[in-house]
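Participant: Sequence:
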Amino acid sequence: FRALCGSTGLCLTLWEGWGSAAIKERFRCAPDAFVQAALQAASLRFFGRAVLTYESASTRAFAHGRTETIRSATLEAQALAELLREAGADEGGCGADPA
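Residues 1 to 99 (the UniProt record's numbering) make up the sequence shown, in order.
Keep in mind that the hints are not guaranteed to be accurate.
[Stated by the list, open to error] Lysine to aspartate or glutamate pairs mimicking DMTMM-like chemistry, simulated, CA-CA at most 25 angstroms apart:
#, residue 1, residue 2
1, Lys24, Glu82
2, Lys24, Glu55
3, Lys24, Glu76
Derived from the structure by calculation, the hints contain no laboratory data.
Construct all of the structure, not just a fragment, from the sequences and the given hints.
Facilitator: Have a look at this one:
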């Protein structure tokens, strides 16, 4: 456990000035879809392949509904992740100079 924790890194990026409204305006998609696509792109970059993802969705408004599973690891998501990788969208990395 200590070896695993010792080999783990964390990089935080503070995004000021754009949140869900900016994502909707600039990319014309739901913020959740944007984050799911980013997770797929990061998984492809890190693992070299698509990974299965799980997200719960509330169906409480429907009769007897509680939650349902959303699977965002689709062929379309993989194609987008590969396109981003080919375009060099993942270059720079943590702490890169944005200029």
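Participant: Enumerate the violated hints, using their earlier numbering and listing them in ascending order.
Facilitator: Those not satisfied: there are none.
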